[in-house]
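A.B. asks: Below are the chains, spelled out letter by letter.
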Amino acid sequence: MKTSSGNFFEDFKLGQKLVHATPRTLTEGDTALHTALYGSRFAVQSADSFARALGYPRSPLDDLLVFHTVFGKSVPDISLNAVANLGYAEGHFVKPVYPGVSLTAVSEVIGLKENSNKQTGVVYVRTQGFDEQDDTVLSYVRWVMVRKRDVDAPVSEAHVPKLAAAVSAQQLVAPWNTQFSEFETSLSGSPHLWDDYQVGEKIDHVDGMTVEEAEHMLATRLYQNTARVHFNQFTEGKGRFGKRLIYGGHVISLARALSFNGLANAFSIAAINAGRHVNPLFSGDTVFAWSEVLDKQPVRDRKDVGALRLRLVATKNLPCGEFPDRNAEGQYPENVILDFDYWAFAPRR
Amino acid sequence: MKTSSGNFFEDFKLGQKLVHATPRTLTEGDTALHTALYGSRFAVQSADSFARALGYPRSPLDDLLVFHTVFGKSVPDISLNAVANLGYAEGHFVKPVYPGVSLTAVSEVIGLKENSNKQTGVVYVRTQGFDEQDDTVLSYVRWVMVRKRDVDAPVSEAHVPKLAAAVSAQQLVAPWNTQFSEFETSLSGSPHLWDDYQVGEKIDHVDGMTVEEAEHMLATRLYQNTARVHFNQFTEGKGRFGKRLIYGGHVISLARALSFNGLANAFSIAAINAGRHVNPLFSGDTVFAWSEVLDKQPVRDRKDVGALRLRLVATKNLPCGEFPDRNAEGQYPENVILDFDYWAFAPRR
Amino acid sequence: MKTSSGNFFEDFKLGQKLVHATPRTLTEGDTALHTALYGSRFAVQSADSFARALGYPRSPLDDLLVFHTVFGKSVPDISLNAVANLGYAEGHFVKPVYPGVSLTAVSEVIGLKENSNKQTGVVYVRTQGFDEQDDTVLSYVRWVMVRKRDVDAPVSEAHVPKLAAAVSAQQLVAPWNTQFSEFETSLSGSPHLWDDYQVGEKIDHVDGMTVEEAEHMLATRLYQNTARVHFNQFTEGKGRFGKRLIYGGHVISLARALSFNGLANAFSIAAINAGRHVNPLFSGDTVFAWSEVLDKQPVRDRKDVGALRLRLVATKNLPCGEFPDRNAEGQYPENVILDFDYWAFAPRR
Numbered sequence: 010m011k012t013s014s015g016n017f018f019e020d021f022k023l024g025q026k027l028v029h030a031t032p033r034t035l036t037e038g039d040t041a042l043h044t045a046l047y048g049s050r051f052a053v054q055s056a057d058s059f060a061r062a063l064g065y066p067r068s069p070l071d072d073l074l075v076f077h078t079v080f081g082k083s084v085p086d087i088s089l090n091a092v093a094n095l096g097y098a099e100g101h102f103v104k105p106v107y108p109g110v111s112l113t114a115v116s117e118v119i120g121l122k123e124n125s126n127k128q129t130g131v132v133y134v135r136t137q138g139f140d141e142q143d144d145t146v147l148s149y150v151r152w153v154m155v156r157k158r159d160v161d162a163p164v165s166e167a168h169v170p171k172l173a174a175a176v177s178a179q180q181l182v183a184p185w186n187t188q189f190s191e192f193e194t195s196l197s198g199s200p201h202l203w204d205d206y207q208v209g210e211k212i213d214h215v216d217g218m219t220v221e222e223a224e225h226m227l228a229t230r231l232y233q234n235t236a237r238v239h240f241n242q243f244t245e246g247k248g249r250f251g252k253r254l255i256y257g258g259h260v261i262s263l264a265r266a267l268s269f270n271g272l273a274n275a276f277s278i279a280a281i282n283a284g285r286h287v288n289p290l291f292s293g294d295t296v297f298a299w300s301e302v303l304d305k306q307p308v309r310d311r312k313d314v315g316a317l318r319l320r321l322v323a324t325k326n327l328p329c330g331e332f333p334d335r336n337a338e339g340q341y342p343e344n345v346i347l348d349f350d351y352w353a354f355a356p357r358r
Numbered sequence: 010m011k012t013s014s015g016n017f018f019e020d021f022k023l024g025q026k027l028v029h030a031t032p033r034t035l036t037e038g039d040t041a042l043h044t045a046l047y048g049s050r051f052a053v054q055s056a057d058s059f060a061r062a063l064g065y066p067r068s069p070l071d072d073l074l075v076f077h078t079v080f081g082k083s084v085p086d087i088s089l090n091a092v093a094n095l096g097y098a099e100g101h102f103v104k105p106v107y108p109g110v111s112l113t114a115v116s117e118v119i120g121l122k123e124n125s126n127k128q129t130g131v132v133y134v135r136t137q138g139f140d141e142q143d144d145t146v147l148s149y150v151r152w153v154m155v156r157k158r159d160v161d162a163p164v165s166e167a168h169v170p171k172l173a174a175a176v177s178a179q180q181l182v183a184p185w186n187t188q189f190s191e192f193e194t195s196l197s198g199s200p201h202l203w204d205d206y207q208v209g210e211k212i213d214h215v216d217g218m219t220v221e222e223a224e225h226m227l228a229t230r231l232y233q234n235t236a237r238v239h240f241n242q243f244t245e246g247k248g249r250f251g252k253r254l255i256y257g258g259h260v261i262s263l264a265r266a267l268s269f270n271g272l273a274n275a276f277s278i279a280a281i282n283a284g285r286h287v288n289p290l291f292s293g294d295t296v297f298a299w300s301e302v303l304d305k306q307p308v309r310d311r312k313d314v315g316a317l318r319l320r321l322v323a324t325k326n327l328p329c330g331e332f333p334d335r336n337a338e339g340q341y342p343e344n345v346i347l348d349f350d351y352w353a354f355a356p357r358r
Numbered sequence: 010m011k012t013s014s015g016n017f018f019e020d021f022k023l024g025q026k027l028v029h030a031t032p033r034t035l036t037e038g039d040t041a042l043h044t045a046l047y048g049s050r051f052a053v054q055s056a057d058s059f060a061r062a063l064g065y066p067r068s069p070l071d072d073l074l075v076f077h078t079v080f081g082k083s084v085p086d087i088s089l090n091a092v093a094n095l096g097y098a099e100g101h102f103v104k105p106v107y108p109g110v111s112l113t114a115v116s117e118v119i120g121l122k123e124n125s126n127k128q129t130g131v132v133y134v135r136t137q138g139f140d141e142q143d144d145t146v147l148s149y150v151r152w153v154m155v156r157k158r159d160v161d162a163p164v165s166e167a168h169v170p171k172l173a174a175a176v177s178a179q180q181l182v183a184p185w186n187t188q189f190s191e192f193e194t195s196l197s198g199s200p201h202l203w204d205d206y207q208v209g210e211k212i213d214h215v216d217g218m219t220v221e222e223a224e225h226m227l228a229t230r231l232y233q234n235t236a237r238v239h240f241n242q243f244t245e246g247k248g249r250f251g252k253r254l255i256y257g258g259h260v261i262s263l264a265r266a267l268s269f270n271g272l273a274n275a276f277s278i279a280a281i282n283a284g285r286h287v288n289p290l291f292s293g294d295t296v297f298a299w300s301e302v303l304d305k306q307p308v309r310d311r312k313d314v315g316a317l318r319l320r321l322v323a324t325k326n327l328p329c330g331e332f333p334d335r336n337a338e339g340q341y342p343e344n345v346i347l348d349f350d351y352w353a354f355a356p357r358r
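Protein chains in written order, with the working numbering: chain A, 10 to 358; chain B, 10 to 358; chain C, 10 to 358.
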């Protein structure tokens, strides 16, 4: 067989390393498309002039563009036969990526657990993205529910990895050779710095963004993500939802772009603590978002920049003025689609 | 409040300067998207080889891409609470912008006039775009009708600025170090030079272009324009039109691209004399355009290039063979959507 | 008349050379859009690092992006009044094209044959694309059925050119200064090299891709292709199909991208032997594809790379597990949309 049909649950072994195909050079072209797809306005990533004034050699690529690219590489090997993308943890944005850098990705299987129905199992992988110097630029864990090819196939002994509930602020490293004390708030879009956010504070990002089929497919192909549910109406029209499912990462990027209105100075994602896609998004739906400040911590060796731990909640067809949330039992209303917990850097006074 | 809800009419003061957020580096990526969105074929902006033969260091960015970018920066401060974008005047394209240049924008409030209903008022601003040398690349006036937050709020004394009916041809400056006497018409797409156009001549641009939701939203986000009416079907579905309104600048760019067929050698926009969006455009509509030559003038110190004053009229769902226009009372038929008056440069014999 | 309405059949003369308008510099921005439009994953074109390891100075542009750009230039002169794009032959990809290169295009009329109804005739052209050194980067023949302006107009004597049934493998030249013996299959996405393909082998590419109006219009404008049937719903809604017709080249690119799954190491198109668009594609349709290995041949002076002659068949709304094909009379079922015969390079063991 010349055609790959992806790995099924019984194909994965604990400790297995998968070198993912199709290295990718990200460029100014990808940045332009990223802007067109999400309308992101964070100044560091938008203007070389602004980034240089802070010590960057030029604007780094948007963190989520890097994340989606690395994620996309892992799809043909990890999640082509996935039923659901269950969660993220221990995501570290280690090194800024600039236009012209070629990325590769490798995943290690760090956990496996067959489901009791023996039809599926959960695969845990730690995926790393590397640049041409073989430096890690990004590392994260995700776990997915993957179909078995053969219900009767023998599987490895169950192993569920211990994952950190959150990345510790002590592990966060601000970009080298940067200096945020002269961060120009008239250009960044908000006067509110790290010092101005309070733990427990909730922010409604107000604006809504409707998603079209052409948009999410352009995005998902840009990331060379081959998950079939996003592209094929012929098949999906007969499937579970009767329509194409939008890539969860598209939702994260939309919500992050919306969060600019309220978090304009949370200029860069430092770490992903946790993330869940709790309901599906479809074309024609309108995405809204709100954030909660979960924690704020100083950053090692830096007085010019701090870290905000933020919970970013996205909804569909539901404005967020009342901060729609899971209930006491942890169940999410059907309009909530994303619950994403991350650390962002923000300049200090 | 961390979230910005934009300025309302009573927030503006005569003489106030607003430094707009999110500087933006425009790149080859933006040029590619601009081509994909409009299909523009003006040779100077399309090929570095063609531009270099005329003395440019490389292809400059499309003038309207620069305009939309600068305009987009002004939206969060000027027109987030606008009811209508009423007009443009005194637009000067001062300096060509090349890929890699970072732009910033500043607006000055030059006029204010409350409407008699006290619900809204008209704000006049002169917006300037600057490059990294702080040189002005673009300057224009626009006026918008903006809602009041509080009907009873006191407002500034009315002041309506005197605006030029048109930019004088004497003010137009052709790009430095260029020389158009060797302009290659076999490559530019038309044998008709400045000399060949007659005042009063009308040109039907023939072709039509249908607009999709994904397209105008990609464009408007590319310009980081945050006006809500373009993006949010959830809210707009319940609003005035029941659907998303297309950014007026998207119409200008579509009409300008269509005008290539008839004006291929009007290679660059020199100035905007006036412009009005006289009816709204929606997804699914097909845009057509026609032009009228209003004036033709030599350009200061140049024998190789002249200026054409052109009126560009765009319609929706109405071919322009009969040059649909306002009537004797100045009223526009509902299919006419744009009336745009500008100076363009064209090579001379 | 300032507006061009294109050439009609009686305007063409045997031996006529047409210099096409609007030279075009292709950039990293175009590459990003190409990826977003098709999701192509061939490693040579995706990552500079991968290309450099093989001797390229950086990733060359996708061959079909170059093809569509050159094709697009020829449309205003050759096929604006075409009823149908009948076929391709003798396509040679002569020289890799890199971001930053400016392309121009010239066509020569090599055949003319009026149809018996005298309403239309077939025009054969050989179109060449040139870079700034005036080197040919691409050359191909296509023939189109073009309307007559005037049924009674006299036309040239019929001349049908003799075209090669296929490009001879002896004519194929692998890119200079490349060396594929170290081709890294863990990164390219498949272990299958030239040696592993058998003549007669058929490959179902499995995946399907649904096409939206916004996508094919963005693509076709990116190529500055002005054929009206792709863009104008107002007119096409009243026409033959009641809707916009998708540019045939968009289908080729979609099918080529789908063919990655099964032909990941057929990294570059060397030649086009033949090609026909046998049924139209419309927005909302889902494209599938399968390939057949028609021939395999060594490449002159090279032991590291061979040539595969591949037949790429695309369908709409019909998965290709059963390899849908023309019948014994050469008639295609209505779900088959493309029959494309080309040579691709692939590394050897």
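Incorrect hints may have been included.
Since the list gives no way to pick one copy over another, a pair counts as held whenever it fits inside one copy or between any two copies.
To be verified - Heads up, simulated DSS-like pairs for lysine-lysine below, C-alpha to C-alpha not over 25 Å straight-line:
#, residue 1, residue 2
1, Lys211, Lys26
2, Lys211, Lys22
3, Lys11, Lys211
4, Lys312, Lys122
5, Lys22, Lys312
6, Lys11, Lys312
7, Lys211, Lys104
8, Lys104, Lys11
9, Lys104, Lys122
10, Lys305, Lys22
11, Lys157, Lys26
Please keep in mind that the hints were generated in silico from the structure rather than gathered at the bench.
Since this is a predicted model, take the numbers as computed values, not measurements.
A.B. asks: Now tell me, hint by hint, if it's right for this structure.
C.D. replies: Hint check:
Within a single copy, Lys211 and Lys26 get their C-alpha atoms no closer than 41 Å, and across copies no closer than 31 Å, so neither meets the 25 Å cut-off. With identical chains, the CA atoms of Lys211 and Lys22 are never at most 25 Å apart, being 42 Å at best within one copy and 32 Å at best between copies. Taking the closest pair of Cα atoms, Lys11 and Lys211 come within 25 Å of each other only across two copies (10 Å); inside a single copy the shortest separation is 52 Å, beyond that limit. With identical chains, the CA atoms of Lys312 and Lys122 are never at most 25 Å apart, being 44 Å at best within one copy and 47 Å at best between copies.
Within a single copy, Lys22 and Lys312 get their C-alpha atoms no closer than 45 Å, and across copies no closer than 38 Å, so neither meets the 25 Å cut-off. When the C-alpha separation of Lys11 and Lys312 is checked against a cutoff of 25 Å, the pair qualifies only between copies, where the shortest distance is 23 Å, while the shortest distance within a copy is 56 Å. Taking the shortest alpha-carbon separations for Lys211 and Lys104, neither the intra-copy value of 30 Å nor the inter-copy value of 44 Å comes in at or below 25 Å. For a Cα distance limit of 25 Å, the shortest separation of Lys104 from Lys11 qualifies neither inside one copy, at 37 Å, nor across copies, at 29 Å.
Neither within a single protomer nor between protomers do Lys104 and Lys122 lie at most 25 Å apart by alpha-carbon distance, with minima of 32 Å and 52 Å respectively. Neither within a single protomer nor between protomers do Lys305 and Lys22 lie at most 25 Å apart by alpha-carbon distance, with minima of 39 Å and 38 Å respectively. When the C-alpha separation of Lys157 and Lys26 is checked against a cutoff of 25 Å, the pair qualifies only within one copy, where the shortest distance is 20 Å, while the shortest distance between copies is 61 Å.
When the structure is compared with the earlier hints, violations turn up for hints 1, 2, 4, 5, 7, 8, 9, 10 and for no others.
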